[in-house]
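*Asks:* Here is how the chains run, residue by residue.
Number of protein chains: 2
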Amino acid sequence: MGYYPNEVARSLYQKSSKMIGLLLPDISNPYFPLLAKGVEDYAQQNGYIVILGNVEDNADKEDMYVKFFSQYNISGVLSAASGKRKNNDRVPYVLLDRALEEENYSISTDDRLGGKLAGQAVLESRGKNIIVMAGPRHVSGANDRLSGALSVLNAAGASYRVFETETFQVDKAEETAQKLFNTFKSFDSVIASNDVFALAVMKEAIKRKHRIPEDIQIIGYDDMLFSRLMYPGLTTIAQPAYEVGFKGAKMLVDLIEKKVIIDKIVKLQPELIRRDSLR
Amino acid sequence: MGYYPNEVARSLYQKSSKMIGLLLPDISNPYFPLLAKGVEDYAQQNGYIVILGNVEDNADKEDMYVKFFSQYNISGVLSAASGKRKNNDRVPYVLLDRALEEENYSISTDDRLGGKLAGQAVLESRGKNIIVMAGPRHVSGANDRLSGALSVLNAAGASYRVFETETFQVDKAEETAQKLFNTFKSFDSVIASNDVFALAVMKEAIKRKHRIPEDIQIIGYDDMLFSRLMYPGLTTIAQPAYEVGFKGAKMLVDLIEKKVIIDKIVKLQPELIRRDSLR
Chain G
1 MGYYPNEVAR
11 SLYQKSSKMI
21 GLLLPDISNP
31 YFPLLAKGVE
41 DYAQQNGYIV
51 ILGNVEDNAD
61 KEDMYVKFFS
71 QYNISGVLSA
81 ASGKRKNNDR
91 VPYVLLDRAL
101 EEENYSISTD
111 DRLGGKLAGQ
121 AVLESRGKNI
131 IVMAGPRHVS
141 GANDRLSGAL
151 SVLNAAGASY
161 RVFETETFQV
171 DKAEETAQKL
181 FNTFKSFDSV
191 IASNDVFALA
201 VMKEAIKRKH
211 RIPEDIQIIG
221 YDDMLFSRLM
231 YPGLTTIAQP
241 AYEVGFKGAK
251 MLVDLIEKKV
261 IIDKIVKLQP
271 ELIRRDSLR
Chain C
1 MGYYPNEVAR
11 SLYQKSSKMI
21 GLLLPDISNP
31 YFPLLAKGVE
41 DYAQQNGYIV
51 ILGNVEDNAD
61 KEDMYVKFFS
71 QYNISGVLSA
81 ASGKRKNNDR
91 VPYVLLDRAL
101 EEENYSISTD
111 DRLGGKLAGQ
121 AVLESRGKNI
131 IVMAGPRHVS
141 GANDRLSGAL
151 SVLNAAGASY
161 RVFETETFQV
171 DKAEETAQKL
181 FNTFKSFDSV
191 IASNDVFALA
201 VMKEAIKRKH
211 RIPEDIQIIG
221 YDDMLFSRLM
231 YPGLTTIAQP
241 AYEVGFKGAK
251 MLVDLIEKKV
261 IIDKIVKLQP
271 ELIRRDSLR
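Protein chains in written order, with UniProt numbering: chain G, 1 to 279; chain C, 1 to 279.
Extracted from the complex, chain G is given alone in its bound form (with noise of 0.2 Å):
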């Protein structure tokens, strides 16, 4: 009939739980729910349950979801929120996507590499005029991407304008791609912040009447499921957002059990996928 061992009792008597919180900044941007694939996928396997905390980098939010977290005795937390909040030293604690130098515990994809994928492979193209969007300063791995890029770019002495973007908000790339044409006269090459924002560049060149990849050439960021599916398919940097979701939970629970962690902060490979919106 039913009658499983309860979990509350349980967990009142031993100051813990089997559920660990997940932070994320917008789970409607579709690099997460890949990431909140992975930590689910991990739980599971492993007997732990997934509370999902949707934080949009609102620190408001953040700070309730921390109290519920500590009212439920929560076991762990992961984070792929904007990462302002300290260690928490309660509960263990795991960034997901940010690697923050004063945190302990960390995976993410390796960003500067990333941008350096990127650069090269526009180079590599016969890139000549080329802009780089610089995706928002307080996201630590938009920095990273942009510095990995402008190396591979300022070693080659190429042409490069950097171009500022406040947000990675979906809602808001339309109107981003329109003022990226509006402020450049004259470019054959675009590295954009992230496929989302590639794709809207995209739509926007091909209705100014350019081709591509002969006239204007794009390269993305984070491989989502469009990415492929659209026409031309999208040339981009693959990040492991399944992954650094399942690891980061692995992490996770191996800090709960106490089990001996040698690498804190870990950093996945991004992977260049060619298609066709590259020469």
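Keep in mind the hints are simulated off the structure, nothing from the lab.
Take the hints with a grain of salt, since some may be wrong.
Covered by chain G, according to a simulated footprint, are these stretches of chain C (three or more residues, beta-carbon under 8 Å) [said to hold, decoys possible]:
{"no.": "1", "stretch": "50 to 64"}
{"no.": "2", "stretch": "167 to 176"}
{"no.": "3", "stretch": "250 to 261"}
Taking lysine-lysine pairs in the DSS-like style, the calculated list, with each CA pair at most 30 Å apart, reads [unchecked claim]:
{"no.": "4", "chain 1": "C", "residue 1": "K18", "chain 2": "G", "residue 2": "K67"}
{"no.": "5", "chain 1": "C", "residue 1": "K185", "chain 2": "C", "residue 2": "K67"}
{"no.": "6", "chain 1": "C", "residue 1": "K207", "chain 2": "G", "residue 2": "K128"}
{"no.": "7", "chain 1": "C", "residue 1": "K67", "chain 2": "G", "residue 2": "K67"}
{"no.": "8", "chain 1": "C", "residue 1": "K172", "chain 2": "C", "residue 2": "K185"}
In this text, a Cβ means the ideal position worked out from N, Cα and C, and glycines have one as well.
Here the structure of chain G is known, so what remains is to put chain C in place on it, guided by the hints.
*Replies:* For chain C alone, coordinates are given in the frame of chain G:
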């Protein structure tokens, strides 16, 4: 110093918690994160936390979550999973996105109306030789869409053929689009089973040198983010995914808090979004 009432102790005595479970078939399908965001927003505003369960139309995973939920004295369940499971009498249960007659509480989109809107839009755009993609038959919403579209096409005496697709899985989209073009030699319109499949059909059409919408026109279903950003912009039927989640969470919390529910089965209205993929 951060002492909060211990919810674990409270829920032990009250035999309930302020936790709700959310079962999704596939969080990497871009429809569901929007729904999850709606659930999470309502829950958070009302002091509930959300436990995420990605069940992948896998009955074992669903069973496991129901067991977890019972162990944690969860107060209610929202389920967008396949719905094979009967109502769980022990806690309130609200179906999202799929209305089954034997279920008492559900919030979904009026998919039959959505199918009609798609059929009408294609007829108004002078579709003469129409392919209707049928989604998987075990998904009740997919049947409703098909039946809505066919009712309009039949009433108008239109010429159409039905193309059966076995899955909504996104990694099957390209293969399915190729199969569609290999199966049917001549057609001028496609009513796609969702936006992901519409995008795949569009890509295959452009690869085969068909102009959109002049040679082949396409309508999707869902209104995903990328549908606005692709070129040509996808005309589609918008489902209010966020609203399904938000209102579903409200209904569940009302049930948990023993408020009176007037409408047990709520159908939200889909909407035609006109862009450039229909003539």
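*Asks:* Decide, hint by hint, whether the structure agrees.
*Replies:* Do the hints match the structure? See the list:
Residues of the stretch 50 to 64 of chain C lying with their CB closer than 8 Å to a CB of chain G number 7, which satisfies the three-residue condition for coverage. Taking a C-beta to C-beta cut-off of 8 Å, the stretch 167 to 176 of chain C contributes 3 residues in contact with chain G, enough for the three needed, and the coverage statement holds. Counting residues of the stretch 250 to 261 of chain C whose C-beta sits closer than 8 Å to any C-beta of chain G gives 0, which falls short of three, so the coverage hint is violated. This hinted pair checks out: K18 of chain C and K67 of chain G have alpha carbons roughly 13 Å apart, not beyond 30 Å.
Distance restraint check for K185 of chain C and K67 of chain C: the Cα-Cα separation of roughly 51 Å exceeds the 30 Å cut-off, and the hinted pair is therefore not satisfied. A C-alpha spacing of about 28 Å is found between K207 of chain C and K128 of chain G, which places the hinted pair at or below 30 Å, so the restraint holds. With a C-alpha separation of about 26 Å, the suggested pair K67 of chain C and K67 of chain G falls inside the 30 Å cut-off, and the hint holds. Using a Cα cut-off of 30 Å, the hinted pair K172 of chain C and K185 of chain C holds, with the two alpha carbons roughly 21 Å apart.
In summary, the numbered hints that this structure violates are 3 and 5.
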